[in-house]
Each structure stands twice: as structure tokens, then as C-alpha cells.
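Novice: Residue-level listing of the chains:
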Amino acid sequence: MKIQVFAALKDHFDREFEVNGAVNNMEALRSRLREMNPACSAMLDSCRFAVHDEFIDNDFKLQENDTVIILPPSSGG
Amino acid sequence: MIPLSSFPPAAADKMFISAEPLDIVALLAGAHHPKAGALVLFSGEVRSNSLGKEVDCLEYEAYIPMAVKMIRQILEEAHAKWSLQLAIARHRVGRLSVGESAVVVITAAAHRGEAYAANRFIIDKIKHEAPIWKCEYFADGTKEWGGNCNCHKVTGDPQKHIYESIPSDIPSHTMRT
Chain A
10 MKIQVFAALK DHFDREFEVN GAVNNMEALR SRLREMNPAC SAMLDSCRFA
60 VHDEFIDNDF KLQENDTVII LPPSSGG
Chain B
337 MIPLSSFPPA AADKMFISAE PLDIVALLAG AHHPKAGALV LFSGEVRSNS
387 LGKEVDCLEY EAYIPMAVKM IRQILEEAHA KWSLQLAIAR HRVGRLSVGE
437 SAVVVITAAA HRGEAYAANR FIIDKIKHEA PIWKCEYFAD GTKEWGGNCN
487 CHKVTGDPQK HIYESIPSDI PSHTMRT
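As given, the protein sequences belong to chains A and B, one line each in that order.
Numbered as in the working numbering, the first sequence ends at 86 without a single skipped number.
Numbered as in the working numbering, the second sequence ends at 513 without a single skipped number.
Treat the hints with caution; some may be incorrect.
[Unchecked claim] Derived pair list, reagent style BS3-like, types lysine-lysine, alpha-carbon separation capped at 25 Å:
{"no.": "1", "chain 1": "A", "residue 1": "Lys19", "chain 2": "B", "residue 2": "Lys371"}
{"no.": "2", "chain 1": "B", "residue 1": "Lys405", "chain 2": "B", "residue 2": "Lys389"}
{"no.": "3", "chain 1": "A", "residue 1": "Lys11", "chain 2": "A", "residue 2": "Lys70"}
{"no.": "4", "chain 1": "A", "residue 1": "Lys70", "chain 2": "B", "residue 2": "Lys496"}
{"no.": "5", "chain 1": "B", "residue 1": "Lys479", "chain 2": "B", "residue 2": "Lys417"}
{"no.": "6", "chain 1": "A", "residue 1": "Lys19", "chain 2": "B", "residue 2": "Lys389"}
{"no.": "7", "chain 1": "B", "residue 1": "Lys405", "chain 2": "B", "residue 2": "Lys350"}
{"no.": "8", "chain 1": "B", "residue 1": "Lys496", "chain 2": "A", "residue 2": "Lys19"}
{"no.": "9", "chain 1": "B", "residue 1": "Lys479", "chain 2": "B", "residue 2": "Lys389"}
{"no.": "10", "chain 1": "B", "residue 1": "Lys417", "chain 2": "B", "residue 2": "Lys496"}
{"no.": "11", "chain 1": "B", "residue 1": "Lys405", "chain 2": "B", "residue 2": "Lys496"}
{"no.": "12", "chain 1": "B", "residue 1": "Lys489", "chain 2": "A", "residue 2": "Lys19"}
{"no.": "13", "chain 1": "B", "residue 1": "Lys489", "chain 2": "B", "residue 2": "Lys479"}
{"no.": "14", "chain 1": "B", "residue 1": "Lys405", "chain 2": "A", "residue 2": "Lys11"}
{"no.": "15", "chain 1": "A", "residue 1": "Lys70", "chain 2": "B", "residue 2": "Lys405"}
{"no.": "16", "chain 1": "A", "residue 1": "Lys19", "chain 2": "B", "residue 2": "Lys479"}
Hints are computed from structural coordinates only; laboratory data are not their basis.
Using the sequences provided together with the hints, build the complete structure.
Specialist: Given below as C-alpha cells:
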């Protein structure tokens, strides 16, 4: 599946990249990303995840062709 | 060079997200309403120092599709909670210098209580929830991505926020000028 990251996450991951293999839900994806980049563990815990511009929780079944948007805590204003 | 990471907003989105400097005077001029006895304008501006360091410039990035949707929802929520004549919110993206406006919120209502409360509610919600991020570039060459919303450290859930304004404490029917 495709992953898009923003803000501080771009200092640790490519802006867009692909994750292959069995990643069925948000926590599985979070674990995979932690393995890719252990320094990001705490940051990933604070992020919200979205598919089709809707936030997802861990009950959402991720599909191979999904694009997952990963949003760090907001700092607008 | 500092990369401009947010893509330019489409025309329909420019009501809420702007890559151009925010024209506060023009926004204000368009915000007067015959039934509004109170208008509150908030402008969030770039400070010259942060974290004890001199700020060179800021860059705001947004995930525009969701930022637009969420700002629209926040304004609708404010309209429903307070009887507003008008609510406007526009956030800047791109690179900003010290003194520039990063976000403008205008609320107009019959009386000032509603206009103030709604304005505070809107800016709080935008700061905590809308997918918009600030990166501070300091005069010493360092940079820091802002973390205005650290609520998850208290709530344990990135979706649960603590707001400075607690609208339920201010029933709108008790507020009259």
C-alpha cells in the first residue's frame, strides 16, 4: 500500500513510499513503520491515520491498494 | 533552500487555506452583517522569538483535502452552537515572515458573548484538529516542527483533545451584551 507522510515525519521517511506484505490494520502498519525507523516510535504513537480523507481506527481493514495518510499532531494557528 | 512542501490550494479551497498573504482588511470589509452587533476578528501572527530563539521565518504545511473539510465542519459546528450571523476562517500555507498573519478567524453575532466564544472555539479546534503544521526556522540555522497539540500525552489518544475554551461551560442563552 501507499503511504503519505507530512510535517516532522518527512524528516524520517520519504514523503511517499510503499509498504508491501501483510499489513491489515493501523497498529500493524504502525509497527512496520517503527521497525523501518525506530527513532520515530514516539512520534508515530501520536499520529492520526486516514484513508480516503477519513480518520481510521484499528478496526479499519487496510487493503493492499489503499493510500494511507499519516498526520502528526496539529500545529496550525 | 527551504522546500515548499504544501501544494497550492485549488480555487474552491482558497476560502479556507491560502498560499497568498491573508488580506485581513479585505476579510474584515466583507464580514459586516446588518444583524450582527458584535464582530470579533482574531489573527494568529508570526512571533520574532520562540523556544528562547530568534525566529527567521515559519513554514506552514497542510494536508489540504482534510484541512478544508475540517475547517468547514468546525465553522458549521460553531454556527450550530451559537447563533452566528457569520463565521470565517482562513489559514495560510507556505513561508511566512515575522509579523505576518498565519490564520484569521472572524465571527459575527447579535451580541459580543457569542462572537467571542465562537471565535475562541473555532481557533482552538483548528489548532488542535486541522491537519496543518508549522515549522519554525531559527536565525541560528536550526529548525523545529511545532507541536501545538500535545493532548495525546495526557489523553493517550491522538483523537482526544483538551481545549482552552470549554463551550459547554458557557451556555449561549446566558450570554447577552
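Novice: Hints first: check each against the structure and report whether it holds.
Specialist: Against the structure, the hints come out as follows:
For the hint pairing Lys19 of chain A with Lys371 of chain B, the CA-to-CA distance comes to about 47 Å; that exceeds 25 Å, so the pair is violated. Between Lys405 of chain B and Lys389 of chain B the alpha-carbon distance is near 34 Å, which puts this suggested pair outside the 25 Å criterion. This hinted pair checks out: Lys11 of chain A and Lys70 of chain A have alpha carbons roughly 15 Å apart, not beyond 25 Å. Using a Cα cut-off of 25 Å, the hinted pair Lys70 of chain A and Lys496 of chain B holds, with the two alpha carbons roughly 22 Å apart.
Proposed proximity of Lys479 of chain B and Lys417 of chain B is contradicted: the alpha carbons are some 39 Å apart, above 25 Å. For the given pair, Lys19 of chain A sits about 23 Å from Lys389 of chain B by alpha-carbon distance, which is consistent with the 25 Å threshold. Taken as a hint, the Lys405 of chain B and Lys350 of chain B pair is honoured in the structure, with Cα atoms around 12 Å apart against an allowance of 25 Å. Restraint check for Lys496 of chain B and Lys19 of chain A: the C-alpha separation of about 24 Å stays at or below 25 Å, so the hint holds.
Note on Lys479 of chain B and Lys389 of chain B: the hinted pairing holds, with a Cα-Cα distance of about 10 Å set against a maximum of 25 Å. Straight-line distance between C-alpha atoms of Lys417 of chain B and Lys496 of chain B comes to about 20 Å, which keeps the hinted pair within the 25 Å bound. Restraint check for Lys405 of chain B and Lys496 of chain B: the C-alpha separation of about 19 Å stays at or below 25 Å, so the hint holds. Simply put, Lys489 of chain B and Lys19 of chain A have alpha-carbon atoms about 22 Å apart, close enough for the 25 Å limit, and the pair holds.
Using a Cα cut-off of 25 Å, the hinted pair Lys489 of chain B and Lys479 of chain B holds, with the two alpha carbons roughly 23 Å apart. With a C-alpha separation of about 22 Å, the suggested pair Lys405 of chain B and Lys11 of chain A falls inside the 25 Å cut-off, and the hint holds. Of the pairs offered as hints, the one joining Lys70 of chain A and Lys405 of chain B holds, with about 23 Å between alpha carbons and a cut-off of 25 Å not exceeded. Between Lys19 of chain A and Lys479 of chain B the alpha-carbon distance is near 13 Å, which keeps this suggested pair within the 25 Å criterion.
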